[in-house]
Amino acid sequence: MRRPVDTGDPDRLYTVTGGRSRADTTFDLVTLVVSECEPAAGMQSEHVGILELCRHPTAVVEIAAELRLPITVVRILLGDLLAAGKITARHPPTARSAASLPDTALLKEVLHGLRSL
Amino acid sequence: MGSAASELPTRRAPLADVAETGLKIVIVGGFGVGKTTLVRSVSEIRPLNTEEVMTQAGVGVDETTGVRAKTTTTVAFDFGRISLNERTVLYLFGAPGQERFWFLWDRLFSGTLGAVVLVDTRRMDDSWYAIDRLEHHGTPFVVAVNRFDDEPVRHSLDEIRQALALGAHVPMVDCDARVRASGKHVLITLVDHLYELALAREATS
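Keeping their order, the protein sequence lines are chains U and E.
Counted the way this note's numbering counts, the first sequence spans residues 88 to 204.
Counted the way this note's numbering counts, the second sequence spans residues 827 to 1031.
Looking at chain U on its own, in the form it has when it is part of the complex (with noise of 0.2 Å):
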């Protein structure tokens, strides 16, 4: 199941960015991706990657699993798609600080859901 991607081919990686290593942090692993338009001729195949995964709500980090990409690049994607209005990205409840928790009521939503499975 495991396959590392970039072992051997860091020049993938670079051309898939196209040389940028620095990533759109806005993008949490949890963060849900949506896709606003149809994949068009010509487009990077990555992005059109995205664009097909993403008709439904998508993860980053299932995006990432499944195009088999590192979260890095993937947030490098995702920042293109998103400056151009291909995507949008439901954001998981307002970044926390290390120390702090969430309140009650998602908790409860949280717990409510576990125990029916």
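I should point out that these hints are in silico values taken from the structure, not numbers from a laboratory.
With beta-carbon atoms standing in for the labels, derived distance ranges:
#1 U/Lys195 x E/Pro840: 19 to 29 Å
#2 E/Glu1022 x U/Gly106: 41 to 51 Å
#3 E/Pro978 x U/Pro126: 56 to 66 Å
#4 E/Met880 x U/Ser203: 34 to 44 Å
#5 E/Asp951 x U/Ala127: 49 to 59 Å
#6 U/Gly129 x E/Asp932: 36 to 46 Å
#7 E/Thr1030 x U/Glu139: 40 to 50 Å
#8 U/Leu204 x E/Glu1022: 16 to 26 Å
#9 E/Asp975 x U/Gly129: 50 to 60 Å
#10 E/Tyr955 x U/Ser108: 22 to 32 Å
Sample of chain U residues at the chain E side, in silico, Cβ under 7 Å:
#11 Leu119
#12 His143
#13 Ala152
#14 Leu204
Virtual Cβ for every residue (Gly too), placed ideally from N, Cα, C.
Fit chain E to the given chain U structure using the hints.
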């Protein structure tokens, strides 16, 4: 339900179109402790694997020459998914507890609801570091002891609490990571704990 061999779809079922909130819980533990097994037992999808690559001038790496060569650290992790309802999805991450992983904690797991430290009593030392780091990061956690059939001596939770120097405020639970009901119980123990913490905080604010 509750069977060890859960039947997961081979193709990834998409989330509902109204899904809007992704949440995460991290399961930390040493190699072979059963993280992926636990994720698999409760996940609605076959666990997927992905990785993060960190490229920077040597973190925790000796600089052997005057040239600041870039080092690449790769951390792989598994994850699974539980749709709590149509709008809310919980992602479970099985994360290795080794040192290099913690450099990526903030980038990957900031905003996590909490963590489960999965413990193998035959290799308790593997858990020390993870517990220390979670306390350092202020991430609330519970300790789940994965019971293996070939434990030479079966230690009680109290003995394990002492061995790990765990405070009385950290919930502990026995589990069998292969069993769905048991995995579910571990997650509920964690979220119950988080709920208590949140209630206490709301009462004082």
